[in-house]
Amino acid sequence: GDSVTQMEGPVTLSEEAFLTINCTYTATGYPSLFWYVQYPGEGLQLLLKATKADDKGSNKGFEATYRKETTSFHLEKGSVQVSDSAVYFCARPSGNTPLVFGKGTRLSVIA
Amino acid sequence: DTAVSQTPKYLVTQMGNDKSIKCEQNLGHDTMYWYKQDSKKFLKIMFSYNNKELIINETVPNRFSPKSPDKAHLNLHINSLELGDSAVYFCASSQRGTTGELFFGEGSRLTVL
Numbered sequence: 050g051d052s053v054t055q056m057e058g059p060v061t062l063s064e065e066a067f068l069t070i071n072c073t074y075t076a077t078g079y080p081s082l083f084w085y086v087q088y089p090g091e092g093l094q095l096l097l098k099a100t101k102a103d104d105k106g107s108n109k110g111f112e113a114t115y116r117k118e119t120t121s122f123h124l125e126k127g128s129v130q131v132s133d134s135a136v137y138f139c140a141r142p143s144g145n146t147p148l149v150f151g152k153g154t155r156l157s158v159i160a
Numbered sequence: 004d005t006a007v008s009q010t011p012k013y014l015v016t017q018m019g020n021d022k023s024i025k026c027e028q029n030l031g032h033d034t035m036y037w038y039k040q041d042s043k044k045f046l047k048i049m050f051s052y053n054n055k056e057l058i059i060n061e062t063v064p065n066r067f068s069p070k071s072p073d074k075a076h077l078n079l080h081i082n083s084l085e086l087g088d089s090a091v092y093f094c095a096s097s098q099r100g101t102t103g104e105l106f107f108g109e110g111s112r113l114t115v116l
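In order, the protein sequences belong to chains A and B. Our numbering puts the first residue of the first sequence at 50, with every later residue one more than the last. Our numbering puts the first residue of the second sequence at 4, with every later residue one more than the last.
It cannot be assumed that every hint is accurate.
What the hints assert, rightly or not - In silico DMTMM-like pairs for lysine to aspartate or glutamate, Cα to Cα no more than 20 angstroms straight-line:
1) B:Lys44 x A:Glu91
2) B:Lys39 x A:Asp51
3) B:Lys39 x B:Glu104
4) B:Lys47 x A:Asp51
5) B:Lys39 x A:Glu91
6) B:Lys12 x B:Asp88
7) A:Lys152 x B:Glu61
8) A:Lys152 x B:Asp88
9) A:Lys101 x B:Glu104
10) A:Lys152 x B:Asp41
Said to hold, decoys possible - In silico contact screen, one side only, chain B against chain A (beta carbon under 8 angstroms); selected entries:
11) Lys44
12) Ile48
13) Ile58
14) Phe93
15) Ser97
16) Gly103
17) Glu104
18) Phe107
19) Gly108
20) Glu109
21) Gly110
Hints in this document: simulated from the structure, not taken from any laboratory. As the structure is a computational prediction, the values presented were derived from the model and not from experiment. Even glycine gets a Cβ: it sits at the ideal position worked out from N, Cα and C.
For reference, chain A alone in the conformation it holds in the complex (with noise of 0.2 angstroms):
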């Protein structure tokens, strides 16, 4: 079925580091494409979208630009804070679900 591909982590940086989390969807259509974070012990967070190619999603610092020749959406922020460490979860539409999610990422940064 449809689904999504993300880095396995855990990914551990020094604060003001740039993050790159790659993540790649299985061609079928043009879905839209999500990036969402958990913080420790809450709930997921919608971060970005993008909803056609080419289409870039931001914010927080955070962009992750639509790319159909490569299947990809990867994460990406220039400088990191220690209050972004999270997991992040990539995720697409697949049929009648909603969303299907990456198995998530694991950012640590440390001061």
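Chain A is already provided as a structure; the job is to place chain B on it using the hints.
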């Protein structure tokens, strides 16, 4: 004001017991969901209700029974709890026409001993 609220937040119980988790949303959304997150953080949809009608029922044991008394509430009842039911259960809601934009509760951590 909490948009999607679940109770209880933590639940510890013995194998074989029956338990319920309640969920309420005050966003006026039409659709509500239950997702299960296992110990490795993997999330999988269990059920979806649209305006009190069941529209998604994944391959979940029939010990799990969702109930939606109205479109603002979706409760999850679990019979004969097993060790493998230990997980975090998330309730979520969305508005029709907003593909993929779900609002999640804070989760209910169930531990079966």
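Violations among the numbered hints, reported as their numbers in ascending order: none
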